[in-house]
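Take each chain as given, in its own frame, and dock them per the hints.
Chains as they are written, first to last, in the working numbering: chain A, 1 to 251; chain B, 1001 to 1087.
Since the hints were derived computationally from the structure, they do not count as laboratory data.
Check each hint, because a few of them may be wrong.
[To be verified] In silico DSBU-like cross-links for lysine-lysine, where the CA-CA straight-line distance does not exceed 30 Å:
no., chain 1, residue 1, chain 2, residue 2
1, A, Lys61, A, Lys72
2, B, Lys1007, A, Lys198
3, A, Lys239, A, Lys178
4, B, Lys1067, A, Lys198
5, A, Lys224, A, Lys149
6, A, Lys149, B, Lys1006
7, B, Lys1030, A, Lys198
8, B, Lys1019, A, Lys239
9, A, Lys61, A, Lys232
10, B, Lys1006, A, Lys104
11, A, Lys149, A, Lys178
12, B, Lys1061, A, Lys198
13, B, Lys1061, B, Lys1007
14, A, Lys104, B, Lys1037
[Stated by the list, open to error] Estimated spans, in silico, between C-beta atoms of each pair:
no., chain 1, residue 1, chain 2, residue 2, range
15, A, Asp55, B, Pro1059, 52 to 60 Å
16, A, Asn75, B, Pro1059, 39 to 47 Å
17, B, Pro1027, A, Asp89, 20 to 28 Å
18, A, Lys223, B, Lys1002, 21 to 29 Å
19, B, Asn1062, A, Gly36, 31 to 39 Å
20, A, Gln233, B, Glu1004, 43 to 51 Å
21, A, Ile105, B, Thr1058, 29 to 37 Å
22, B, Pro1033, A, Ser144, 46 to 54 Å
23, B, Pro1033, A, Ile105, 41 to 49 Å
24, A, Ala35, B, Thr1058, 36 to 44 Å
25, B, Ser1034, A, Glu101, 27 to 35 Å
26, B, Lys1002, A, Asn230, 40 to 48 Å
27, A, Pro81, B, Lys1006, 29 to 37 Å
Think of the CB as a built atom: it goes at the ideal place given N, C-alpha and C, for glycine as much as any other residue.
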Amino acid sequence: MHRFTHITMNKLISIGQAAKLLGVSIDTLRRWDLAGRLLSIRSGPRGHRFYNQSDIDQYLKEIEAVALNWAKSINPITLNPDVYCQTRDFFQARLEKLQSELSKITSIETVSLITAVAGEIGNNSFDHNLGNWPDIPGVFFSYSIQNRKVVLADRGQGILTTLKRVRPELINSSEALKTAFSETISGRYPEARGNGLKFVRSIIVEGPFSLFFQTGDSQLYLKKDDVELNIKQTTTIIKGCFAVINFEELL
Amino acid sequence: MKIEIKKFGTTLVSRPAGKEAWLAFQPVLKEMPSGEKIIVDFAEVVVLTPSWADEFLTPLKNKFKDKVELINTNNPSIQATLSILVE
Chain A
1 MHRFTHITMN KLISIGQAAK LLGVSIDTLR RWDLAGRLLS IRSGPRGHRF YNQSDIDQYL
61 KEIEAVALNW AKSINPITLN PDVYCQTRDF FQARLEKLQS ELSKITSIET VSLITAVAGE
121 IGNNSFDHNL GNWPDIPGVF FSYSIQNRKV VLADRGQGIL TTLKRVRPEL INSSEALKTA
181 FSETISGRYP EARGNGLKFV RSIIVEGPFS LFFQTGDSQL YLKKDDVELN IKQTTTIIKG
241 CFAVINFEEL L
Chain B
1001 MKIEIKKFGT TLVSRPAGKE AWLAFQPVLK EMPSGEKIIV DFAEVVVLTP SWADEFLTPL
1061 KNKFKDKVEL INTNNPSIQA TLSILVE
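Just chain B, with the same shape it has in the complex (with noise of 0.2 Å):
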C-alpha cells in the first residue's frame, strides 16, 4: 500500500494535524491485509517538522515496523525530521 503524504497537506507542521491524519487513516489501515508493505510518499510535501511526524510517523513505524519505506524524502525539512526522529 501507498500513503501519499501530500493528501494530508504540503505544510505539515502541527501536532493536531498529525494526530488527525493518524486518526483518519486508521480505518484504511485496519482493511489492509496483514504482511503488506506500507510505502510512504513525501511527493510534492514542503514542510515537515518532528511535531506532525511524531503523531504520524511514530506510530506507524510503531505498530508495522520493517513493513513501513519512506520514500521521495529529499526534501530538507523531510531530512531534518528525519534525523530527529531516528535518535
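Isolated chain A, as found in the complex (with noise of 0.2 Å):
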C-alpha cells in the first residue's frame, strides 16, 4: 500500500534515512509500508519509497516509537513522567490505572488476563534489576485504548544477562528468549520459581491478543493458537526489553 503522489507541502526523505530516524531496518519500513502501518510514498521513475518527514515525527511521538528509541539510544530522552515508573510503586499505580481504564471497554474477564500479562512482564524488568540498572533504573510503562495496546520497555541488562546466571550455555538471545519463554527458570538464584514468561505466554496463546517481545538482538512474536516460539534475529539491538501487547481484536 502506498500513494502515488508528486505533489506535497512536506520535506520527502529517503527510505535510508527514515529507517535511521526511526532505528529500524529498510526491510521493515517495507514490511510497515506493506502493512499500511507506516505509508511511504512512491516517486520518481522508478517508484521508490520516499517518506513524509512530517509522518516520521508523528510515528516518533507514537508510544511505540518513544519507547523503542528510549530503550535502545546510547544517550536515551528523559521520559515524560506520564510513561516512566522509576519504582515499582509508580509501576502498581499505573497498572491499576490501565485496569480501570480497561474495564470500561472489556469483561473483567479480559481486564484481569491483560493486566496480568503486563504486571508480570512489568514487574520482571524490577525483579531482575535490582540493585544492577546499567543506567536508568525502571520501566517505560504507556498504554493506548484507543489504539488496543499496552507497551513496556527496560533499560535493564536483558534476559541473557540474566539467565546466564543459572544457565551459563546459554550463548545468545534467542536461547534465553525461548527458555525464557518455555521453561521454569529464575535468575535469581537460589529463588527456585521463575515462571513468569511461560505465565504471558499462556495467557497470549488462549486469548485474542499478541506479544511482540524484544530482548538484545532477538525478537519473539507471539499469537492466539501459537505452538511454536517465533523468534527472529533483528539488526537493533536493545540492551534491556522491550514488549508490546496488543488486544486489536476486542471490539
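Structure follows, in C-alpha cells:
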C-alpha cells in the first residue's frame, strides 16, 4: 500500500534516512508500508519509496516508537513522567489505572488477563534488575486504549545476562528468550521459581491477544493458538527488554 | 481459618507485595490451632500473577500441604496462575 503523489508540501526523505531516524531496517519499513502501518510515497521513475518528514515525526511521537527509542539509545531522551515508572510503586499505581481504563471497554475476565500480562512483564524488569540497572532504573509503561496496545520497556541487563547466571551454557539472546518463555527458570538463584514469561505465553496463546517481545538482538512474536515460539534475529539491539501487548481483536 | 485474599489488595502482581503479605500474615498463622483447615478465598480479586502467588501461596502450601483449600478461583488470571504453579 502506498500513496502515488508527486505533489506535497512536506519535505520528503529517503527510505534510508527514514530507517535511520526510526532505528529500524529498510526491510522493516517496507513491511510497515505493505501493512499500512507507516505509508511511503512512491516517487521518481522507478517508484522508490520516500517518506514525509512529518509522518516520521508523528510516528516518533507514538508510544511504541518512544519506548523503542528510549530502550535502544545510547543517550536516551528524558521520558515524560506520565510514561516512566522509576520504582515498582509507580508501576503498580499505573497498572491499576490501566485496569480501570480497560474495564470501561471490556469484560472483567479480559481486564484481568491483560493486566496480569502487563503486570508480570513490568515486574520482571524490576525483579531482574534491582540493584543492577546499567544506567536508568525503572520501566517505560504506557498504553493506548484507542489503539488497543500496552507498551513496556526497560534499560536493564536483558534476559541473556540474567539467565546466564543460572544457565551458563546459554550463548545468545534467541536461546535465552526461548528458555524464558518455555521453562520454569529463575535468574535470581537461589530463588526456586521463575515462570513469569511462561505464564504470559499461556495467556497470549489462549486469548485474543498478541505479544511482541524483544531482548538483545532477538524478538518473539506470539499470538493466539501459537504452539511454537516464533523467534527472529533483529538488526537493532536492545540491551534490556521491549514489549508490546496488542488486544486489537477486542471490539 | 479463612484467609480473604482481597484484604491484601485486588491487583496482586509483584513478588515484594506477595512476600510482604506472607510476612504480615505470620502472626495469625502462628496462633492458629494445629490441624485446622486453611481456606484461601479469592473472592473479588481481579488480577493475580505467579510472582505474587509464588511468594504467598507456594510457602503456604509447602507449610500446610493438604490443609490448604482454595475457593472462588474462577477469575481467569487466578486460573492461569494456579495452573502454572501446579506444574
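Verification of the supplied hints:
At roughly 16 Å between alpha-carbon atoms, A/Lys61 and A/Lys72 fall within 30 Å of each other, so this suggested pair holds. Our distance criterion of 30 Å between C-alpha atoms is met by B/Lys1007 and A/Lys198, whose separation comes to about 28 Å. Restraint check for A/Lys239 and A/Lys178: the C-alpha separation of about 17 Å stays at or below 30 Å, so the hint holds. Straight-line distance between C-alpha atoms of B/Lys1067 and A/Lys198 comes to about 28 Å, which keeps the hinted pair within the 30 Å bound.
A hinted pair counts as satisfied when its Cα atoms are at most 30 Å apart, and A/Lys224 with A/Lys149 qualifies at roughly 16 Å. Of the supplied pair hints, the one linking A/Lys149 and B/Lys1006 holds, its CA atoms being roughly 28 Å apart against a limit of 30 Å. For the hint linking B/Lys1030 to A/Lys198, the alpha-carbon distance of about 34 Å lies beyond 30 Å, and the restraint is violated. With a C-alpha separation of about 29 Å, the suggested pair B/Lys1019 and A/Lys239 falls inside the 30 Å cut-off, and the hint holds.
Restraint check: the Cα-Cα separation between A/Lys61 and A/Lys232 comes to about 26 Å, which is no more than 30 Å; the hinted pair holds. Between B/Lys1006 and A/Lys104 the alpha-carbon distance is near 22 Å, which keeps this suggested pair within the 30 Å criterion. Only pairs whose Cα atoms come within 30 Å are accepted, and A/Lys149 paired with A/Lys178 is accepted, the gap being roughly 23 Å. The suggested pairing of B/Lys1061 with A/Lys198 holds, with an alpha-carbon distance near 21 Å, which does not exceed 30 Å.
As the CA atoms of B/Lys1061 and B/Lys1007 are separated by approximately 19 Å, the hinted pair is consistent with the 30 Å bound. Between A/Lys104 and B/Lys1037, the direct Cα distance comes to roughly 39 Å. Violation of the 30 Å bound is thereby established for this hinted pair. One distance hint, 52 to 60 Å for the beta-carbon pair A/Asp55 and B/Pro1059, holds here, with the actual separation near 53 Å. Restraint check, A/Asn75 to B/Pro1059: a C-beta distance of roughly 44 Å satisfies the suggested window 39 to 47 Å.
Roughly 25 Å separates the CB atoms of B/Pro1027 and A/Asp89, a value that falls within the hinted 20 to 28 Å. Taken as a hint, the range 21 to 29 Å is violated for the pair A/Lys223 and B/Lys1002, whose Cβ atoms sit roughly 40 Å apart. For B/Asn1062 and A/Gly36, the hinted distance range of 31 to 39 Å is not satisfied, since their beta carbons lie about 52 Å from each other. For A/Gln233 and B/Glu1004, the hinted distance range of 43 to 51 Å is satisfied, since their beta carbons lie about 48 Å from each other.
Judged by the Cβ atoms, the range 29 to 37 Å given for A/Ile105 and B/Thr1058 holds: they are separated by roughly 34 Å. In this structure the hint that B/Pro1033 and A/Ser144 lie 46 to 54 Å apart at CB holds, the actual value being about 53 Å. For B/Pro1033 and A/Ile105, the hinted distance range of 41 to 49 Å is satisfied, since their beta carbons lie about 48 Å from each other. Under the hint 36 to 44 Å, the C-beta atoms of A/Ala35 and B/Thr1058, about 43 Å apart, fit the expected range.
Restraint check, B/Ser1034 to A/Glu101: a C-beta distance of roughly 46 Å breaks the suggested window 27 to 35 Å. The given range of 40 to 48 Å is respected by B/Lys1002 and A/Asn230, whose C-beta atoms sit roughly 45 Å from each other. Between A/Pro81 and B/Lys1006 the beta carbon distance is about 30 Å. The supplied range of 29 to 37 Å therefore holds.
When each numbered hint is compared with the structure, violations occur for hints 7, 14, 18, 19 and 25.
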